[in-house]
Every structure is written in C-alpha cells, then in structure tokens.
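Student: In order, the protein sequence lines correspond to chains A and B.
Take numbering that gives the first Met the number 0: the final residue in the first sequence is number 105, and no numbers are missing along the way.
Take numbering that gives the first Met the number 0: the final residue in the second sequence is number 153, and no numbers are missing along the way.
Hints listed in this document are in silico derivations from the structure and should not be mistaken for laboratory results.
Treat the hints with care, since some could be wrong.
[To be verified] Partial list, computed: chain B residues near chain A (C-beta under 10 Å):
#1 L4
#2 Y67
#3 P68
#4 T76
#5 L89
#6 G100
#7 V126
#8 N146
[As the list claims (entries may be wrong)] Take a look, some chain B residues computed to stay more than 10 Å from chain A by CB distance:
#9 V13
#10 V58
#11 L62
#12 F77
#13 A119
#14 H142
#15 I147
Bear in mind that the values here come from a model prediction, so they are computed numbers and not experimental data.
Here a beta-carbon is modelled for each residue, glycine too, at the ideal position from N, C-alpha and C.
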Amino acid sequence: MSREKVFPIFAAAFAVIYVLAVEYNWALFTYHPRIGEWQWLAQPAKDGPPMYWYGWLVTSLLGASAASLISWPLTRRGSAQLWLGWMVPIVIVVIFVYLFRGFFLH
Amino acid sequence: MITVLLIVHGLLAVVLLGGITHQAMSVAWPSRNKAGIIRSFRAVNGSVYANANVALYLVTATLGGIIYPVYRVGVRTFLEDARLNSAVGLFELKEQFIAVGLGMLPLYWMLWHRPPKAGAGPARIAVTLILCAIVWYAFLVGHILNNIRGLFGL
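Can you build the whole structure from these sequences, using the hints too?
Tutor: Printed below as a string of structure tokens:
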C-alpha cells in the first residue's frame, strides 16, 4: 500500500527535476547527431547541433527514482498525496511555456 | 527508413489519440446511456484502455526519439533559416510536454489499476485529462511541422 503512495511523488519529482535539467542543462549525456557520437554529461556543439533531450530524460528518471526511494519510508504514515502527481506537472507545463516564450515573442 | 518510422510514429499517435480521448471522455464526462454516437463515445469502460495507452505512449515516444535527430539536423535548421521561430518553439514545447507525460505514466497506470477510493477519483480525472491534452498537443504540432512547407508555401 505504501508503495502506491510513492507514484505521485515520482511524477512530481520527475517534472521538477526535468525542468531544472532543461534550464541548467543537467544532461547525463549528449548526442551529436551529425557525427553520431555520444558523450557523457552536457557537452558543447561538435560539428553540428548537440542534443540533450535524451540526457535530460535519464537525469530526471534517475533523480525521480532516487526521490521516490528516499520518500518511501516517509509515506508509510498519512494518506497518499495524489494531488502532487498532477498539480506539480501542470505548474511545470506553465513554467515551460514561460521559459520558451521567446520563440513566440520575437 | 526514416520516412517509414515517421509514418508508423504518426499512425501509432492516431491510435493513442483515440484511446486516450475515449478514456478521458469516459472519466470526465461519463454516460450510462449508449443512445447516439456521443453518448456511446462517453459510455466506454475507461479502465480497459489504460495498458494500451501506456504502451502506445512509450512506443510512440520512443519512435519519436529515434527520428528526432533527423528533425534536429535537417528540419529545425530549415525552420531557423526560414525564421519560423514559432514553429521551432511549438516543437520545443512538444518535447518538454512529452517528457512531463512520461513521468506521469506510472501514476496514471496505478490510478487506473486500483479501485477508485475516496479522493482518488479527481486524481484519475486530472492525470487522464493532462495526458490527453499532451497527446493532442503533440499530435497537432507534429502534423503542423510535418506539413509546414505546404502550409506556409515554402
């Protein structure tokens, strides 16, 4: 039962870590599509544009998994905070619209 | 090969769109009466879509990830040269929204595989509607970008 209480925490943590990963470029690895090369962590452009999306996803997956494991013992008491699992992602979506507003304003 | 993957990606997105929209309608605007197409559309058993929607979301996102480098190198460069910043921004938001949706999938799956207890109903509705909105947004943006040269006469 307490395992189920971790699911909303995972969703919330994933969204928060993901927006931080995008904003501060915490990519676990970088892909250079033009030359088909992978590198650890966020790396600058190398003969073409770099891609960080895969790295951001893995950073968020590992971070959210760690947050869920850490919070697991704490969730045994009290009820499941299901609202975290959808309210936080909505806020993160709004933050993304704000962060990317430059594409639409220029 | 990329063209085939792009078409499969689009077809799977259509199936996912149908499944998640059916489910969202059934949970947010349920109907017990099956008279007429609208009520029939809303009267489905939403829980039967959950596994398929999770699998379709994962497979469609994975396929999108496989063809993404082609967009990044060829299409995005073209859009930037054509000064279509809004189109680039729409896709940037698409990739971020899809990622947020990926993080919600375990919760979505759990909510549809447990009997709706006190307090879980609103969460089930909210999570399903958010995922439905993400899928619709991603689908429409994908279509716009896929047809952008024709749409803008480029």
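Student: Please go over all the hints and tell whether each is borne out by the structure.
Tutor: Right, here's what the structure says about each hint:
1. With a cut of 10 Å, the hint placing L4(B) at the interface with chain A is violated, because the nearest CB-to-CB distance is about 15 Å.
2. Annotation: Y67(B) was flagged as interfacial toward chain A, and the flag holds, the nearest CB pair being 7 Å apart, inside 10 Å.
3. Proximity of P68(B) to chain A holds as hinted, the smallest CB-CB distance being about 3 Å (cut-off 10 Å).
4. Look at T76(B): its Cβ gets to within about 8 Å of chain A, closer than 10 Å, so that hint holds up.
5. With a least beta-carbon distance of about 8 Å to chain A, the hint placing L89(B) at the interface is held under the 10 Å criterion.
6. A hinted interface residue such as G100(B) counts as satisfied when its beta carbon comes closer than 10 Å to some beta carbon of chain A; here the least separation is about 8 Å, so the hint holds.
7. Interface hint status for V126(B): upheld, as the beta-carbon distance to the closest one in chain A is roughly 5 Å, under 10 Å.
8. Of the supplied interface hints, the one on N146(B) is violated, with its beta-carbon coming no nearer than about 19 Å to a beta-carbon of chain A, more than 10 Å.
9. With 10 Å as the threshold on Cβ separation, the claim that V13(B) sits away from chain A holds: the shortest Cβ distance comes to roughly 23 Å.
10. Distance to chain A confirms V58(B) as a non-interface residue, since its nearest Cβ pair spans about 15 Å, more than 10 Å.
11. Separation of L62(B) from chain A is adequate, the least Cβ-Cβ distance of about 14 Å exceeding the 10 Å criterion.
12. With a least CB separation of 13 Å from chain A, F77(B) remains clear of the 10 Å interface cut-off, as annotated.
13. At roughly 6 Å, the least C-beta separation between A119(B) and chain A is not larger than 10 Å, which violates its mark as non-interface.
14. Residue placement check: H142(B) keeps its beta carbon more than 10 Å from all beta carbons of chain A (closest about 19 Å).
15. Distance check for I147(B) against chain A: the nearest CB is about 15 Å away, which clears 10 Å, and the non-interface claim stands.
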